[in-house]
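Note that the protein sequences, when read in sequence, are chains G and C.
For my numbering, count along the first sequence from 1 and bump the result up by 11.
For my numbering, count along the second sequence from 1 and bump the result up by 11.
Hints listed in this document are in silico derivations from the structure and should not be mistaken for laboratory results.
It cannot be assumed that every hint is accurate.
Heads up, the list lumps identical chains together, so a pair's fine if it works in one copy or across two of them.
[Claimed, not checked] Derived DSBU-like pairs: lysine-lysine, alpha-carbon spacing no greater than 30 Å straight-line:
1) Lys-53 x Lys-114
2) Lys-269 x Lys-232
3) Lys-205 x Lys-269
4) Lys-211 x Lys-53
5) Lys-16 x Lys-211
6) Lys-114 x Lys-232
There are 2 protein chains.
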Amino acid sequence: MITMKEIAEIAGVSQATVSRVLSGSSAVSPRARQTVMEIVQKHDYTPNYSARNLAMDQSFLIGLIIPDISNPFFGEIVRQVEREAGRNGYNIIICNSDGDITKERSQLQTLRARQVDGVLVIPASSNSPILTTLYNSDIHTVVVTQPHSRFDSVYVSHLEGGRIVAQHLLGLGHTRVLLVGDSESENDKIVGFKQVFSEKGIIFPEDHFLNIGAWDHDLVKQAYLSGLEYFRRHRPGHATAVFTVNDVAAFGINHALKELNLRIPDDVALIGFDDTFLSQGLNPPLSSVSQPVEEIGRRSIEMLLDRLIRKFDGDVRSVQLNPLLVARESTLGRQAGHA
Amino acid sequence: MITMKEIAEIAGVSQATVSRVLSGSSAVSPRARQTVMEIVQKHDYTPNYSARNLAMDQSFLIGLIIPDISNPFFGEIVRQVEREAGRNGYNIIICNSDGDITKERSQLQTLRARQVDGVLVIPASSNSPILTTLYNSDIHTVVVTQPHSRFDSVYVSHLEGGRIVAQHLLGLGHTRVLLVGDSESENDKIVGFKQVFSEKGIIFPEDHFLNIGAWDHDLVKQAYLSGLEYFRRHRPGHATAVFTVNDVAAFGINHALKELNLRIPDDVALIGFDDTFLSQGLNPPLSSVSQPVEEIGRRSIEMLLDRLIRKFDGDVRSVQLNPLLVARESTLGRQAGHA
DNA sequence: TTGTACGCGTTATCAA
DNA sequence: TTGATAACGCGTACAA
Numbered sequence: 012m013i014t015m016k017e018i019a020e021i022a023g024v025s026q027a028t029v030s031r032v033l034s035g036s037s038a039v040s041p042r043a044r045q046t047v048m049e050i051v052q053k054h055d056y057t058p059n060y061s062a063r064n065l066a067m068d069q070s071f072l073i074g075l076i077i078p079d080i081s082n083p084f085f086g087e088i089v090r091q092v093e094r095e096a097g098r099n100g101y102n103i104i105i106c107n108s109d110g111d112i113t114k115e116r117s118q119l120q121t122l123r124a125r126q127v128d129g130v131l132v133i134p135a136s137s138n139s140p141i142l143t144t145l146y147n148s149d150i151h152t153v154v155v156t157q158p159h160s161r162f163d164s165v166y167v168s169h170l171e172g173g174r175i176v177a178q179h180l181l182g183l184g185h186t187r188v189l190l191v192g193d194s195e196s197e198n199d200k201i202v203g204f205k206q207v208f209s210e211k212g213i214i215f216p217e218d219h220f221l222n223i224g225a226w227d228h229d230l231v232k233q234a235y236l237s238g239l240e241y242f243r244r245h246r247p248g249h250a251t252a253v254f255t256v257n258d259v260a261a262f263g264i265n266h267a268l269k270e271l272n273l274r275i276p277d278d279v280a281l282i283g284f285d286d287t288f289l290s291q292g293l294n295p296p297l298s299s300v301s302q303p304v305e306e307i308g309r310r311s312i313e314m315l316l317d318r319l320i321r322k323f324d325g326d327v328r329s330v331q332l333n334p335l336l337v338a339r340e341s342t343l344g345r346q347a348g349h350a
Numbered sequence: 012m013i014t015m016k017e018i019a020e021i022a023g024v025s026q027a028t029v030s031r032v033l034s035g036s037s038a039v040s041p042r043a044r045q046t047v048m049e050i051v052q053k054h055d056y057t058p059n060y061s062a063r064n065l066a067m068d069q070s071f072l073i074g075l076i077i078p079d080i081s082n083p084f085f086g087e088i089v090r091q092v093e094r095e096a097g098r099n100g101y102n103i104i105i106c107n108s109d110g111d112i113t114k115e116r117s118q119l120q121t122l123r124a125r126q127v128d129g130v131l132v133i134p135a136s137s138n139s140p141i142l143t144t145l146y147n148s149d150i151h152t153v154v155v156t157q158p159h160s161r162f163d164s165v166y167v168s169h170l171e172g173g174r175i176v177a178q179h180l181l182g183l184g185h186t187r188v189l190l191v192g193d194s195e196s197e198n199d200k201i202v203g204f205k206q207v208f209s210e211k212g213i214i215f216p217e218d219h220f221l222n223i224g225a226w227d228h229d230l231v232k233q234a235y236l237s238g239l240e241y242f243r244r245h246r247p248g249h250a251t252a253v254f255t256v257n258d259v260a261a262f263g264i265n266h267a268l269k270e271l272n273l274r275i276p277d278d279v280a281l282i283g284f285d286d287t288f289l290s291q292g293l294n295p296p297l298s299s300v301s302q303p304v305e306e307i308g309r310r311s312i313e314m315l316l317d318r319l320i321r322k323f324d325g326d327v328r329s330v331q332l333n334p335l336l337v338a339r340e341s342t343l344g345r346q347a348g349h350a
């Protein structure tokens, strides 16, 4: 790889002039510019970012800490982030945490070593220790997917999402609903769901929760097996509907129900969360709560770049986006039409 | 952020000694080591990679060029790659090409500027120009997902995959098959499929191809719409089976068939490709051709690290992995049992 | 075992 | 408009 110094020699100018030509920062004589550019072209000069970073104390690197890239929902976020970052001269270093706070910690450590200018983080949990570490560092941070009091954040209200689902199912007459998720008490989707029940004076039945872990990569299988066991053990009607905290789990439940010859939604209604691009392909089409995933990704990176590039230095900003019920046949039945 | 120089001052030693302590390369007196380490701990010293890269002419950075991260199949590859790389002290810069060779080119350019030690590339097409660029550079490269004569490569034979599908469908008596993909003549899955037909003297019918583009992000919808139109226009039996070159497209077709009240597989059989973790959640469970995606990811990064770390300098190696037919109800019907 | 000194490829400051 | 020259933080050859 050719360097500025070498180009300077060939061109018979100083290395500083080459730098000026390439950065376009200050004025250079047309002659010098001409000669330099020709040599640059000819030798396919590429600047050395490491050197540039060192000199400018800026890496144009953004760290992205995310629980599971293979989850299409997160994948879409990555895609948006990478695109928008690229347009602005930034690159993304990706860190898959598996939802493990230990991994998160070591990854943040290497991101710091890499001198990243900023970090987008989808924390493993709302009290991930890295959030504290980040706060004590001077790395610009945006928390994605959940609200945060000290950082910029972009999120969809899970509480509201859970409430919407509850209202939808209650409206259809379901009072015995099986909840499928990672935590019965700490997952806001579930909290919101139950909130509506208690507000309406409806008692949420005991033993209607299936714990399938949070970021288990084999979520489909987990949900499938748990669902199978549940519906084998309980009489039909013990639960007339199932709400899973994400679509992926709903796939597993769907499979289990099919296996047991239970009809959806006649025997058991099913509703997921995220409305990934696969929900509508499911059979019957899956009701779900859609999150504006492109917007989440885009707004997140935009907020970060706003601080990095435009040097915005105001108070912490949070963007709350609205979840949207997408009712399809898996809860509505055939009369759903073809939405 | 504290630097070696500052640590050296505090410790009353030279910066070189601090470097030695931290790298553990050469011998240092226990006393010096002790003092330095304490200060390092206390101030939470983090090495500056940019500086290190510059000095060592090594970035410990690997570029990953991939068509669509939001596709779960690729997502899984990213996951494996990131993990294995991380274990060996390397980080991943991710580049989403959208299957666009222009984007590929500019991304490779910035990867070069970033001084990446190696590149894993899933090319937009088999003759992506960046392959030439890479060959003329000194960047270690592994081509993933397709064979290559000049680079290390890891792939599953698409030709063989297509053949397997043809054999499976012919075995079930389907001779009129609708093919759904990006290219009728250049996609090896389709080429292999037709190969079997002609070997057996069976003429593949005209007008049995639906072009839905390659990396269109809205593949499900594309397939859905195309499928809908196709099955509306042709009499039942014009095609008795559908083969889509990936599962995502199969989701769309599944939706279309359902909409038209065509039963799977009684009216139309359906088979996909990739066997993503979602296939088994589909209803009926989707037959597909599985690719050992974890192995693809793992082997790819391993081959690259082998050259980077172990300095392997032998001939180009290619790893061909075998596709595997996973027959489920969408082709076999209810007698499929519960595989 | 330690310190000095140089180089890595840039940016940026200062005179000229 | 240009060219020296000093950083930037680290690795390392060399001498002590």
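Inset, instruction - Kindly indicate which numbered hints from before are broken by the structure, ordering the numbers from low to high. - result: When the structure is compared with the hints, numbers 4, 5 turn out to be violated.
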